Structure formats: structure tokens, C-alpha cells
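Trainee: Protein sequences appear in the order of chains S and D.
In terms of the numbering used here, the first sequence is numbered consecutively and its last residue is 194.
In terms of the numbering used here, the second sequence is numbered consecutively and its last residue is 194.
Just so you know, these hints were derived from the structure itself, not from any lab.
Computed from a predicted model, the values in this text were never measured in an experiment.
There may be inaccurate statements among the hints.
Covered by chain D, per the in silico footprint, the following chain S stretches (three or more residues, Cβ under 8 Å) [what the hints assert, rightly or not]: (1) 105-118; (2) 134-146; (3) 151-165; (4) 187-193.
Interface residues of chain D toward chain S, partial, derived using beta-carbon atoms under 7 Å [as the list claims (entries may be wrong)]: (5) S31; (6) A32; (7) G33; (8) L38; (9) D39; (10) R98; (11) P99; (12) G103; (13) I108; (14) N110; (15) A112; (16) A174; (17) F175.
Think of the CB as a built atom: it goes at the ideal place given N, C-alpha and C, for glycine as much as any other residue.
2 protein chains.
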Amino acid sequence: MRCNEIKIRSATTKDHDAIWKIFHEIISAGDTYSLDPRMSREEALAYWFRADTQTYVAELHRQSVGEAVGFPGTARPSPTIGTKDWVIAGTYILRPNQSGPGSHIANAAFMVASNAQGSGVGRAMAEHCLSEARRMGFRAMQFNFVVSTNTPAIYLWKQLGFEIIGTLPGAFRHPEKGYVDVYIMFHSLLS
Amino acid sequence: MRCNEIKIRSATTKDHDAIWKIFHEIISAGDTYSLDPRMSREEALAYWFRADTQTYVAELHRQSVGEAVGFPGTARPSPTIGTKDWVIAGTYILRPNQSGPGSHIANAAFMVASNAQGSGVGRAMAEHCLSEARRMGFRAMQFNFVVSTNTPAIYLWKQLGFEIIGTLPGAFRHPEKGYVDVYIMFHSLLS
Numbered sequence: 004m005r006c007n008e009i010k011i012r013s014a015t016t017k018d019h020d021a022i023w024k025i026f027h028e029i030i031s032a033g034d035t036y037s038l039d040p041r042m043s044r045e046e047a048l049a050y051w052f053r054a055d056t057q058t059y060v061a062e063l064h065r066q067s068v069g070e071a072v073g074f075p076g077t078a079r080p081s082p083t084i085g086t087k088d089w090v091i092a093g094t095y096i097l098r099p100n101q102s103g104p105g106s107h108i109a110n111a112a113f114m115v116a117s118n119a120q121g122s123g124v125g126r127a128m129a130e131h132c133l134s135e136a137r138r139m140g141f142r143a144m145q146f147n148f149v150v151s152t153n154t155p156a157i158y159l160w161k162q163l164g165f166e167i168i169g170t171l172p173g174a175f176r177h178p179e180k181g182y183v184d185v186y187i188m189f190h191s192l193l194s
Numbered sequence: 004m005r006c007n008e009i010k011i012r013s014a015t016t017k018d019h020d021a022i023w024k025i026f027h028e029i030i031s032a033g034d035t036y037s038l039d040p041r042m043s044r045e046e047a048l049a050y051w052f053r054a055d056t057q058t059y060v061a062e063l064h065r066q067s068v069g070e071a072v073g074f075p076g077t078a079r080p081s082p083t084i085g086t087k088d089w090v091i092a093g094t095y096i097l098r099p100n101q102s103g104p105g106s107h108i109a110n111a112a113f114m115v116a117s118n119a120q121g122s123g124v125g126r127a128m129a130e131h132c133l134s135e136a137r138r139m140g141f142r143a144m145q146f147n148f149v150v151s152t153n154t155p156a157i158y159l160w161k162q163l164g165f166e167i168i169g170t171l172p173g174a175f176r177h178p179e180k181g182y183v184d185v186y187i188m189f190h191s192l193l194s
């Protein structure tokens, strides 16, 4: 397994274009997030940069993107956003899952650009996120809505210590598979 | 068991005072909702009347309120809000639990004034809510955050057909009991 070069940092307004590009790609596919596929750029950025939310981006070295993707017939893709050598390949958010007396449990959401699937960006963001959540003093992390057909994500969450603590029958309307189950996943951060 | 007279209807802006009174009483107690006890009236009403939300109030006949409460030494309490004969004793909201491909599952939240506990208002609102959710075409109803120490609510939800489908360990910081578990409850509405 090759280790791609990945940098993770807090997002700024300069990252809006790159984030919206990834966000729009993922909600348009409509197979992993319970978000309206017709959500506007403005609504999406308001959601991703909510006042109680920490927003991060993952940058992948351009050469790594090319190698990870390997489009047939092209030496590498041509990402149009990012610096010369680094391209934003993923983004994630971290926030309290509830407010008030429930605010000690974190929630997070992750998005990886389709041309960076398999590059390790998802795993790197998840590990970064758990570390950030611990640093901020959260006692656990909860995912409220993991679509059961999203097997790569579930595999990763389990590897990182998440457990399925509940199943919501038919809670997601998959564009091809119809109503499918949704998992609630939980990971204690207490050592 | 005496049947109190209860009327349930859609809330209007004229109900804001009565709703805020109940809302504030409940979040100040801080033992059932994961909402900031210091939430302002404005924030509370924005949350309770969100654009995707249906808001209802339950009115209890004044004589029924008096009988249900039975304050020692008083013939009946003196509710200051409501019409001459009917007083708003509870409020609930109904909305999609998720947006987009998760919007076919409903979510709801209920609040009963402390001086109307035991009057049947909670049960009447819950039954009304399930009926409304069916009418609107929701396929199920999900409660995301039922505090495990809230035994009267859990008893009622189970009687109405809800099941605990997951337990969140220590997800609620109870003002007296410390970290207590939280249940996720689910009720299919498919006949």
C-alpha cells in the first residue's frame, strides 16, 4: 500500500469553491447523505460552516491524486482547485451532536471527492477527527445516519472502533436500491 | 380514570406566550431535553416553529386542569394564559427527521406544562401526532433522544408502539444523576 501525502487543516472561506464542488458531487449522487440533492451552494455552505461546527479540508498531493485515480487514457486528472501541488480532496465537519446537556457527544460528517476515493483521505480525516474530538474534550462520537449500503464507510468506522448501536429500518431511500436500513454508530472516547 | 376535555390544534403566533412559558419551564429543569437551559425566547420559538415543522398546542378545559393538579389548599390553579375556559397545557412539533432521501421518517417532540402532568395531555398529543404523521404519509416515527430517566415518557411511547432500537451510553448529563443513557425509539407507521 502506497502512502499518499495528505495535509489536513481548518477550512477558510477560500476553500468554499472546493468544498462546494465535493459537496455537490456527493449530494447529487444521493446514495449516502440524507440531504436534499437540490440544495443550493449557499445552503450547503451554511450547513457545513454552521456556528457550532468546526470545518476541515484534506489536501492531497497532486501526484498522489493522479496515482490514486488512474483514469484510463489520462496520465492524471486535472483538478482545477487548489494550489499548484496540493488539491483539496476531502472535507469534514465536527460538532456537538446535541446542545445543552447532550453537548459532550460529538458528531461528524465526511466527504471525499470521487477522484480521490481509495487515496486514504477518508481514513486520514477520520483519524484526525477522532483526535480533534478528544482534544476538545468530547466523551464520545456518534454518527446518526450511516446508510447500510455505504460499505466502505462502515468498514472504516468499524476499523476505527465504532460500533453499530442501532438500526433504523428502511430509513434511507436509495436511488437504485429503494428503502434501505440506516445504522447509528457510536465510539466512546473515554480512555 | 376521568377523561379530561382536551382540544388539539395547529399553533399560531398568538400561542407564542403560552408555548414559551411551557418550553422555558421544561428546558430550565434540564432533565429531559438536550437543549441549552439558557435558550432565549426568540431561539426557542425559532426552533419550535422551524420552516419544516408543524407545531401544535393542546388545550385543556380549565376545570380539568384544576382537577388534574389538585394543589393542596387551592381549589384549582390559576393559569394566566388561554381563553376563559381553555388553557394551553401542552405543545408538540412534527417534522421530517432528516431531509432529502431520509425525509419519509418523522420526528416529534412533546412538552407538557408541569401543572398538567397526569392530565392525559401527553398521551392525547402523542396519539394526535401519530395520526397526523400517518396522514402526511410518513413511513415511521423516530425519537432521537429519549433520556432513560424519563420513565413516564418511555412508558407512554412503549404503550403506543415505539421500540427502543438503540442505547447511547451516558449521552445525557442529568442535573442530579450525572451521565445517564439515552434511547433511540422507533415506530413503523406502515400498516
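Trainee: Hints first: check each against the structure and report whether it holds.
Mentor: How the hints compare with the structure:
For the segment 105-118 of chain S, the stated coverage by chain D is satisfied: 4 residues place a CB nearer than 8 Å to a CB of that chain, which reaches the threshold of 3. Coverage of a stretch by a chain is defined here by at least three residues with a beta carbon nearer than 8 Å to that chain's beta carbons; for the segment 134-146 of chain S and chain D the count is 3, and the condition holds. For the segment 151-165 of chain S, the stated coverage by chain D is not satisfied: 0 residues place a CB nearer than 8 Å to a CB of that chain, which falls below the threshold of 3. Coverage of a stretch by a chain is defined here by at least three residues with a beta carbon nearer than 8 Å to that chain's beta carbons; for the segment 187-193 of chain S and chain D the count is 3, and the condition holds.
The closest approach between the C-beta of D:S31 and any C-beta of chain S is roughly 11 Å, which is over the 7 Å cut-off, so the hint fails. Hint on D:A32 is violated. Least Cβ distance to chain S is approximately 11 Å, over the 7 Å limit. Residue-level restraint check for D:G33 holds (minimum Cβ-Cβ distance to chain S is 6 Å; threshold 7 Å). Hint status for D:L38 relative to chain S: holds, with the closest Cβ pair at about 5 Å, below 7 Å.
Taking 7 Å as the C-beta cut-off, the interface hint given for D:D39 holds, the closest approach to chain S being about 4 Å. For D:R98, the interface hint is violated, the least distance from its beta-carbon to any beta-carbon of chain S being 13 Å, above 7 Å. Checking D:P99 against chain S: minimum C-beta separation of about 9 Å lies over 7 Å; hint violated. Nearest Cβ of chain S to the Cβ of D:G103: about 4 Å, under the 7 Å cut. The hint holds.
For D:I108, the suggested interface contact is upheld, since its CB lies about 5 Å from the closest CB of chain S, less than 7 Å. Among the interface hints, the one on D:N110 is violated; its C-beta lies about 11 Å from the nearest C-beta in chain S, farther than the 7 Å criterion. Annotation: D:A112 was flagged as interfacial toward chain S, and the flag is violated, the nearest CB pair being 12 Å apart, outside 7 Å. The criterion of a C-beta within 7 Å of any C-beta in chain S is met by D:A174, whose closest approach is roughly 5 Å, and the hint holds.
Interface hint status for D:F175: upheld, as the beta-carbon distance to the closest one in chain S is roughly 6 Å, under 7 Å.
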